Amino acid sequence: MRILIVTAGTRGDVAPFTGLGRRLQDAGHRVALAAHHRFAGLVRDCGLEYRALPGDPVELTRARTAAPSPESAREVFAAFLDELGDGVLTAAASGTDVLLTAFGPAPLSRLVAEGLGIPSAGVYLAPGVPTREFPPPGWPDAGQMSPAGNFTAGRTVLARTDALYADVLRRLRTRLDLPDRAARAAGPPDDWPVCHGFSPAVVPRPADWPSNVHVTGYWWPERPPGWQPPDPLVDFLGAGPPPVFIGFGSMTPADERLQDVVTAAVKRAGVRAVVQSGWAGLAPAGDDILPVGDLPHDWLFPRTAAVVHHAGAGTTAAGLRAGVPAAAVPVLVDQPFWAARLHHLGVAPRPLPMPELTAATLAAALRSCLDRPSYRDRAKDLAHRIATEDGAAAVLTVTARLQHERG
Numbered sequence: 001m002r003i004l005i006v007t008a009g010t011r012g013d014v015a016p017f018t019g020l021g022r023r024l025q026d027a028g029h030r031v032a033l034a035a036h037h038r039f040a041g042l043v044r045d046c047g048l049e050y051r052a053l054p055g056d057p058v059e060l061t062r063a064r065t066a067a068p069s070p071e072s073a074r075e076v077f078a079a080f081l082d083e084l085g086d087g088v089l090t091a092a093a094s095g096t097d098v099l100l101t102a103f104g105p106a107p108l109s110r111l112v113a114e115g116l117g118i119p120s121a122g123v124y125l126a127p128g129v130p131t132r133e134f135p136p137p138g139w140p141d142a143g144q145m146s147p148a149g150n151f152t153a154g155r156t157v158l159a160r161t162d163a164l165y166a167d168v169l170r171r172l173r174t175r176l177d178l179p180d181r182a183a184r185a186a187g188p189p190d191d192w193p194v195c196h197g198f199s200p201a202v203v204p205r206p207a208d209w210p211s212n213v214h215v216t217g218y219w220w221p222e223r224p225p226g227w228q229p230p231d232p233l234v235d236f237l238g239a240g241p242p243p244v245f246i247g248f249g250s251m252t253p254a255d256e257r258l259q260d261v262v263t264a265a266v267k268r269a270g271v272r273a274v275v276q277s278g279w280a281g282l283a284p285a286g287d288d289i290l291p292v293g294d295l296p297h298d299w300l301f302p303r304t305a306a307v308v309h310h311a312g313a314g315t316t317a318a319g320l321r322a323g324v325p326a327a328a329v330p331v332l333v334d335q336p337f338w339a340a341r342l343h344h345l346g347v348a349p350r351p352l353p354m355p356e357l358t359a360a361t362l363a364a365a366l367r368s369c370l371d372r373p374s375y376r377d378r379a380k381d382l383a384h385r386i387a388t389e390d391g392a393a394a395v396l397t398v399t400a401r402l403q404h405e406r407g
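Quick note: the working numbering has the sequence shown finishing at residue 407, numbered continuously throughout.
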């Protein structure tokens with residue numbers, strides 16, 4: 001069976017699907033992963049077929065930030081979605097029996113699958129189905145919601161997504177020669193299968209989710225074969241006690257203030273640090289600091305004393321897998337959700353939103369991670385539970401069912 005996984009966005013939106021794709025491929029399927037061109041090497045290095053999606057998330061972020069008005073920013077994003085819709089169609093038309101889609105491109109992927117007569121399912125890295133048990137990731141004032149308010153907020157997010165994609169979906173329908181759909185409730189059909197790639201020990205499956213919506217356990221990024229840690233990193237790790245990791249992934253633009261904050265916080269906390277440059281281009285200097293580029297978190301994090309990160313879904317998962325305490329510095333989208341979850345689980349102090357980040361607050365968060373044994377004890381306990389899960393197994397079951405229903 002030819003399976004296409006469609007994802008869009010940053011590295012954190014791509015890496016978990018390399019592991020899921022390899023697992024599907026090891027089960028005998030032919031797997032392609034459609035993503036932006038800057039991730040072509042990552043996909044191919046992991047042994048999967050790469051199919052290109054247009055656009056660059058870095059350039060999109062820069063263009064939206066530089067837009068002179070909110071209307072201009074919306075126009076930039078609308079143009080991005082137009083190109084992305086064409087890209088999803090081209091990728092799927094290149095030979096696909098089952099289409100699996102991340103949350104971001106899901107409206108495009110579902111419509112393309114419908115037009116091509118291909119069964120599809122969602123593979124989401126964060127909760128994407130409304131529930132009364134918690135508000136949707138990214139919802140403001142999330143701590144003040146009633147059960148009814150949580151559910152309404154989830155439906156509102158789906159309705160806003162439908163509105164955001166409306167124009168490109170209308171054009172895709174015409175291109176696919178599909179009839180206009182009558183008005184319906186927001187979001188996908190009620191029976192559309194969705195697999196959520198996170199641990200039920202981290203986010204228990206809500207009791208009000210329908211039976212076609214699953215919480216599977218994590219899908220771990222595939223480490224490229226033959227990867228070896230760079231010598232400077234090995235030397236740094238061996239030269240003293242375990243360092244902390246500090247990295248803000250793809251969410252933070254270049255910011256000289258942030259570099260100064262990190263440098264001062266490391267000194268004030270009295271720790272050694274491995275600092276990942278990320279989109280912020282961090283390169284702090286100091287005898288106790290080692291700047292690095294992209295590295296497999298599954299290798300590095302178990303060798304650290306704590307991890308400071310932006311609370312993206314993938315980095316959050318990697319820290320939990322490693323069994324180390326975290327200090328979460330959320331920026332936007334689903335990151336406040338995961339940051340709050342880490343604190344609720346007892347593996348992290350209270351979240352430190354990026355606008356509140358100073359050398360003093362970051363140093364205090366680091367010392368809290370290191371000086372309170374309960375954070376590490378709880379992190380180790382969660383890591384043991386997560387290690388028993390097989391997140392890809394449920395996706396294999398869903399794809400087999402879709403293939404059977406297709407005949």
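Do not rely on the hints blindly, as some may be mistaken.
Unchecked claim - Label pairs and their computed distance ranges (CB to CB):
#, residue 1, residue 2, range
1, 70, 381, 42 to 50 Å
2, 26, 372, 34 to 42 Å
3, 70, 388, 45 to 53 Å
To be verified - Simulated pairs of lysine to any residue, SDA-like, Cα-Cα distance not exceeding 20 Å:
#, residue 1, residue 2
4, 267, 285
5, 380, 404
6, 380, 350
7, 380, 344
8, 267, 230
9, 380, 349
10, 267, 343
11, 267, 380
12, 380, 303
13, 380, 321
14, 267, 321
15, 380, 302
16, 380, 162
17, 267, 242
18, 380, 343
Calculated from the structure, these hints are not laboratory results.
Quick caveat: nothing in here was measured; it's all calculated off a predicted structure.
Just so it is clear, CB atoms sit at the ideal spot from N, CA and C, and this is done for glycine as well.
Status of each hint after checking the structure:
Under the hint 42 to 50 Å, the C-beta atoms of residue 70 and residue 381, about 45 Å apart, fit the expected range. Against the hinted window of 34 to 42 Å, the Cβ-Cβ separation of residue 26 and residue 372 comes to about 40 Å, which satisfies the hint. Hint check: residue 70 to residue 388, Cβ distance near 47 Å, so the stated range 45 to 53 Å holds. A hinted pair counts as satisfied when its Cα atoms are at most 20 Å apart, and residue 267 with residue 285 qualifies at roughly 11 Å.
Among the hinted pairs, residue 380 with residue 404 is inconsistent with the structure: their alpha-carbon atoms are about 40 Å apart, more than 20 Å. Of the pairs offered as hints, the one joining residue 380 and residue 350 holds, with about 19 Å between alpha carbons and a cut-off of 20 Å not exceeded. The straight-line distance between the Cα atoms of residue 380 and residue 344 is roughly 15 Å, inside the 20 Å bound, and the hint therefore holds. Taken as a hint, the residue 267 and residue 230 pair is broken in the structure, with Cα atoms around 24 Å apart against an allowance of 20 Å.
Taking the CA atoms of residue 380 and residue 349, the gap is about 16 Å. The hint holds against a cut of 20 Å. Restraint check for residue 267 and residue 343: not satisfied, since their Cα atoms lie roughly 25 Å apart, outside the 20 Å limit. Distance restraint check for residue 267 and residue 380: the Cα-Cα separation of roughly 27 Å exceeds the 20 Å cut-off, and the hinted pair is therefore not satisfied. A hinted pair counts as satisfied when its Cα atoms are at most 20 Å apart, and residue 380 with residue 303 qualifies at roughly 13 Å.
A C-alpha spacing of about 9 Å is found between residue 380 and residue 321, which places the hinted pair at or below 20 Å, so the restraint holds. For the proposed pair residue 267 and residue 321, the alpha carbon gap of about 28 Å is over 20 Å, so the pair is violated. For a cut-off of 20 Å, the pair hint linking residue 380 to residue 302 stands: about 11 Å separates their Cα positions. Annotation: proposed proximity of residue 380 to residue 162 is violated, straight-line Cα distance about 40 Å (limit 20 Å).
The straight-line distance between the Cα atoms of residue 267 and residue 242 is roughly 15 Å, inside the 20 Å bound, and the hint therefore holds. Of the supplied pair hints, the one linking residue 380 and residue 343 holds, its CA atoms being roughly 15 Å apart against a limit of 20 Å.
In this structure, the earlier hints numbered 5, 8, 10, 11, 14, 16 are contradicted, and the remaining ones agree with it.
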